[in-house]
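Chains as they are written, first to last, in this note's numbering: chain A, 12 to 123; chain B, 17 to 127.
Any given hint might turn out to be false.
[To be verified] Stretches of chain B that chain A covers, calculated by requiring three or more beta carbons in the stretch to come under 8 Å of a beta carbon on chain A:
| id | stretch |
| --- | --- |
| 1 | 26-39 |
| 2 | 71-80 |
[To be verified] In silico SDA-like cross-links for lysine to any residue, where the CA-CA straight-line distance does not exceed 20 Å:
| id | chain 1 | residue 1 | chain 2 | residue 2 |
| --- | --- | --- | --- | --- |
| 3 | B | 58 | A | 63 |
| 4 | B | 75 | A | 110 |
| 5 | B | 114 | A | 84 |
| 6 | B | 73 | B | 100 |
It should be emphasised that the hints constitute simulated quantities derived from the structure, not laboratory data. All residues carry an ideal CB built from backbone N, CA and C; glycine is no exception.
Residue-level listing of the chains:
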Amino acid sequence: KAGVTQTPRYLIKTRGQQVTLSCSPISGHRSVSWYQQTPGQGLQFLFEYFSETQRNKGNFPGRFSGRQFSNSRSEMNVSTLELGDSALYLCASSLEGSSGYTFGSGTRLTVV
Amino acid sequence: ILNVEQSPQSLHVQEGDSTNFTCSFPSSNFYALHWYRWETAKSPEALFVMTLNGDEKKKGRISATLNTKEGYSYLYIKGSQPEDSATYLCARLSGTYKYIFGTGTRLKVLA
Numbered sequence: 012k013a014g015v016t017q018t019p020r021y022l023i024k025t026r027g028q029q030v031t032l033s034c035s036p037i038s039g040h041r042s043v044s045w046y047q048q049t050p051g052q053g054l055q056f057l058f059e060y061f062s063e064t065q066r067n068k069g070n071f072p073g074r075f076s077g078r079q080f081s082n083s084r085s086e087m088n089v090s091t092l093e094l095g096d097s098a099l100y101l102c103a104s105s106l107e108g109s110s111g112y113t114f115g116s117g118t119r120l121t122v123v
Numbered sequence: 017i018l019n020v021e022q023s024p025q026s027l028h029v030q031e032g033d034s035t036n037f038t039c040s041f042p043s044s045n046f047y048a049l050h051w052y053r054w055e056t057a058k059s060p061e062a063l064f065v066m067t068l069n070g071d072e073k074k075k076g077r078i079s080a081t082l083n084t085k086e087g088y089s090y091l092y093i094k095g096s097q098p099e100d101s102a103t104y105l106c107a108r109l110s111g112t113y114k115y116i117f118g119t120g121t122r123l124k125v126l127a
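Work the whole structure out from these sequences, hints included.
Structure (structure tokens):
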């Protein structure tokens, strides 16, 4: 079966712009989580969606938002980009949120 | 322990050596612990899902143990091979559907 698909793979944006990242989970997986990884940091939890509802949220500013569609695909949006938002953004899907993740390949965002 | 901590941060071993590393986590309100292997330029890959105190899991030359009372898990690799070179991450399920990841142990196996 197809894995978790994240698009785009690479992105370069200018400070102040906004960006939308997309994640298509494994078929049948209803939980989608987003993580940010920056150099020297572990994976930092952004949010988790299940059946179109945000069930949990990490400690990120309101500039970071997300949503999930009825087909379980999820998008993450970052508005008013800052240089510190440059990171690898990983999406992970699971059956119901506690059964282990399958990760996508990530989107590498660079803010200049 | 408030966060998930992994040690060592990195290590180099010779091919054929056995090695182990530690994941320490808060022992209260434990739900599950996951181990992942993350090779460079790839996605993190699930190794083990551990839920019960005393759990032992094995996958080929890699095994893991779990002690939820004292808040630690060990990952063992027997007879390390160059293809085992990767960052090994542990993640504790904290509360509901929120995982806290450690910063990982970066393993380099020298041929």
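*So which of the earlier hints does this model not fit?*
1, 2, 3
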